[in-house]
Amino acid sequence: MDKTADALVRQQYLVPRRSVAKLRQLSKLQNVSATEIVRRAIDAYDPLADERTVQEAAAMELLAQVHGELRKAIRRIDSDTAALQQRQRALDDGSVREQAQRDTHSWLRRNPQALAGFAELFGAASPGGNVRTSEARGRSSGAGARIRALRR
Amino acid sequence: MSVLSQVLSYGKEVILLTERVDQLLEDRKALLSKIEDHEKRLVRIETIMEFAARPRRVTRD
Chain Y
1 MDKTADALVR
11 QQYLVPRRSV
21 AKLRQLSKLQ
31 NVSATEIVRR
41 AIDAYDPLAD
51 ERTVQEAAAM
61 ELLAQVHGEL
71 RKAIRRIDSD
81 TAALQQRQRA
91 LDDGSVREQA
101 QRDTHSWLRR
111 NPQALAGFAE
121 LFGAASPGGN
131 VRTSEARGRS
141 SGAGARIRAL
151 RR
Chain W
1 MSVLSQVLSY
11 GKEVILLTER
21 VDQLLEDRKA
31 LLSKIEDHEK
41 RLVRIETIME
51 FAARPRRVTR
61 D
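So the sequences go chain by chain: Y and W.
Number 43 in our numbering belongs to position 43 of the first sequence; there are no gaps in the numbering.
Number 28 in our numbering belongs to position 28 of the second sequence; there are no gaps in the numbering.
Only chain Y is shown next, with the shape it has when bound in the complex (with noise of 0.2 Å):
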């Protein structure tokens, strides 16, 4: 606070004797006039410390709970990266590839009679027009009479 001659000015209030006797005692106390007295007790006084006091509580509270769910979404977001990455690698390194090829094998062990519909379809083993497997020659009286036994 600038206490300069010219910032100063001269005011009249009328105060009860018990604080006049209070702010003597204070004066010699803390050995500063009593004019200090005043203008450090007008520059403390703040009606509206108690309300910012209460916001400022709530707003660290709510803080506090903002940074708690950041911390619970930052987990949540590394954790799913992490797997989503193991899922990434499995596709580039062709280990989904390799495990879709086993799995299709083991199937067609299982199920010989749908590879010889699927050899049909492709027309496999038959470079010279009249060359057949013995599977489909097999199948013409099998699965396809049945067929052409559903179609009539």
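There's no promise every hint is true.
Claimed, not checked - Facing chain W, a subset of chain Y residues (Cβ under 7 Å, in silico): (1) 58; (2) 59; (3) 63; (4) 96; (5) 101; (6) 115.
To be verified - PhoX-like mimics (lysine-lysine), calculated; alpha carbons at most 25 Å apart, straight line: (7) W:29 x Y:72; (8) W:29 x W:40; (9) Y:72 x W:12.
If you're looking for bench data, these hints aren't it; they were derived computationally from the structure.
The beta-carbon is built from N, C-alpha and C at its ideal position, and this holds for glycine as well.
Chain Y is already provided as a structure; the job is to place chain W on it using the hints.
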């Protein structure tokens, strides 16, 4: 603007951002699942074609 309302406003933005990141992750998961499914289907078709086209016990009529 009081400190509390400012904190509230920033907090809302942080939560919105988190929700959007979560949504992005969910979308990425769904997309990856589709790619995996397509990859598996493609491999199945390739394997079946490969098996079916493989010459076996060829005889002439």
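Now for the hints, and whether the structure bears them out:
| no. | hint | verdict |
| --- | --- | --- |
| 1 | 58 | holds, 5 Å |
| 2 | 59 | holds, 4 Å |
| 3 | 63 | holds, 6 Å |
| 4 | 96 | holds, 5 Å |
| 5 | 101 | holds, 5 Å |
| 6 | 115 | holds, 6 Å |
| 7 | W:29 x Y:72 | holds, 19 Å |
| 8 | W:29 x W:40 | holds, 16 Å |
| 9 | Y:72 x W:12 | holds, 16 Å |
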